[in-house]
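Please work from the sequences and hints to get the whole structure.
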Amino acid sequence: MLKDDFFTITGKENGEGQVVYHIELNPNHPIFRGHFPGNPISPGVCNIGMIKVCAEEETGSNLFIGNLKQCKFSHLVTPGENKELDIVLKLEDTGDIVKIAASIIKGDTKFMELKAEASKEQKA
Amino acid sequence: MQQGEEIKQLIPQREPIMMIDTFYGATETTGKSGLTVLADNVFCEDGQLREMGVIEHIAQTCAAYNGVKNKKNNGVESKPKLGYIGEIKKCQIARLPRIGEQLVTEVEATAQVMNVTLMEATTKIGSETIASCQIKLFEED
Chain Z
5 MLKDDFFTIT GKENGEGQVV YHIELNPNHP IFRGHFPGNP ISPGVCNIGM
55 IKVCAEEETG SNLFIGNLKQ CKFSHLVTPG ENKELDIVLK LEDTGDIVKI
105 AASIIKGDTK FMELKAEASK EQKA
Chain E
886 MQQGEEIKQL IPQREPIMMI DTFYGATETT GKSGLTVLAD NVFCEDGQLR
936 EMGVIEHIAQ TCAAYNGVKN KKNNGVESKP KLGYIGEIKK CQIARLPRIG
986 EQLVTEVEAT AQVMNVTLME ATTKIGSETI ASCQIKLFEE D
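In the order they appear, the protein sequences are chains Z and E.
Take 5 as the starting number for the first sequence in my numbering and just add one per residue.
Take 886 as the starting number for the second sequence in my numbering and just add one per residue.
Where hints are given, some of them may not hold.
[As the list claims (entries may be wrong)] Just a few of them, taken from the derived set where beta-carbon distance is under 8 Å, the chain E residues facing chain Z:
| id | residue |
| --- | --- |
| 1 | Gln898 |
| 2 | Arg935 |
| 3 | Cys976 |
| 4 | Glu1013 |
[As the list claims (entries may be wrong)] Keeping only pairs whose Cα atoms sit at most 25 Å apart, straight-line, the calculated BS3-like set for lysine-lysine is:
| id | chain 1 | residue 1 | chain 2 | residue 2 |
| --- | --- | --- | --- | --- |
| 5 | E | Lys1009 | Z | Lys73 |
| 6 | Z | Lys94 | E | Lys975 |
| 7 | E | Lys975 | E | Lys893 |
[Said to hold, decoys possible] Calculated Cβ distances over 12 Å to all of chain Z for the following chain E residues:
| id | residue |
| --- | --- |
| 8 | Lys957 |
| 9 | Ile984 |
| 10 | Ile1010 |
No wet-lab data here; the hints were simulated from the structure.
Only a predicted model underlies this, so the values are computations on that prediction, with no experimental measurement involved.
The C-beta atom is built at its ideal place from N, Cα and C for all residues, glycine as well.
Take a look at the structure:
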C-alpha cells in the first residue's frame, strides 16, 4: 500500500550484518494533505510501514508485525527537507519469525529506530 | 459522544488519515474512541486494516483525549494542537481487523510532564482484545 506510492526504493547496499535501502518519499501523496494540512509530516506509523516494506523486500515474504517491542522517534520526517532517506535493516530470519532491528537515517541524523518481531504471512 | 465532522475539533489529522470516527468521552485520565473499518481506509489491504492503521487509531485516540483536555483548559474554541508519536513500546497486535469490524480503544494517561503524555492503550473488537501498547505522545505548544 505504501510501496511505489507513498515512497519508492531507489537503491540498496549490502553491508556487514546489515543492509541499507535508499528511499525517496512522494511529497504529493494524499496522506501528506491530512498529516497535517499545510504542514506535511510523515506519520510515525508510515515510517514503521516503510521499514516493514524494506524488510519484506529483503526476506521475500509478506510480514505481519505482531510484536513491536520498541520504536523511538527522534526527528520528524518532512517530505520537503527529508525526501531522500536511508533505511538501515538488521534482520534475523528464524523461519516463521523475522526479528527486525532498523533505523531511518540521513547522514548523521537519526529519525527513528525500531525493534520488532514479525511473522511471515501466508500469501493469499 | 462526538462523531464524524465533530472529531475534527479534537484531533489535527484530516482525511485521508483520520483513524477515529467516534469519540465516546474522556475522564481526567482516560479516553475512549471507535473506528469502523471501511474498504476505502488508506491503511486497508486485502480486506484488512494493517498494523499501521491500528497503531494510528490508538495514537489518534490519545490525541483526542489530549484534545478534550485542551478544550477544558483553553476554551472550547481552541484548535487541536499538532502532536507526534515520540515512542511506542510493547505493542502487541493479536490480529488485524477486517472491513466492517469496529475497533474500540481505551487509553489511560499514566504520566504527563509538560507537553509529553505517557499512555497505555487497549483495543478491542467486541470483547476480543486485538491490540495493546504503551505510547508517548508529544504535543506542540
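Structure-based check of each hint:
1. For E:Gln898, the suggested interface contact is upheld, since its CB lies about 6 Å from the closest CB of chain Z, less than 8 Å.
2. A distance limit of 8 Å between C-beta atoms decides the matter here; for E:Arg935 the minimum to chain Z is near 7 Å, and the interface restraint holds.
3. Among the interface hints, the one on E:Cys976 holds; its C-beta lies about 4 Å from the nearest C-beta in chain Z, closer than the 8 Å criterion.
4. Proximity of E:Glu1013 to chain Z is violated relative to the hint, the smallest CB-CB distance being about 15 Å (cut-off 8 Å).
5. The suggested pairing of E:Lys1009 with Z:Lys73 holds, with an alpha-carbon distance near 20 Å, which does not exceed 25 Å.
6. At most 25 Å may separate the alpha-carbon atoms for a hinted pair to count; Z:Lys94 and E:Lys975 meet this at roughly 20 Å.
7. At roughly 29 Å between alpha-carbon atoms, E:Lys975 and E:Lys893 are farther apart than 25 Å, so this suggested pair is violated.
8. Every CB of chain Z is more than 12 Å from the CB of E:Lys957 (nearest about 23 Å), matching its label as outside the interface.
9. Against the 12 Å criterion, E:Ile984 stays outside the reach of chain Z, whose nearest CB is about 14 Å from its own CB.
10. Even its closest Cβ contact with chain Z, about 16 Å, leaves E:Ile1010 beyond 12 Å, as expected for a residue assigned away from the interface.
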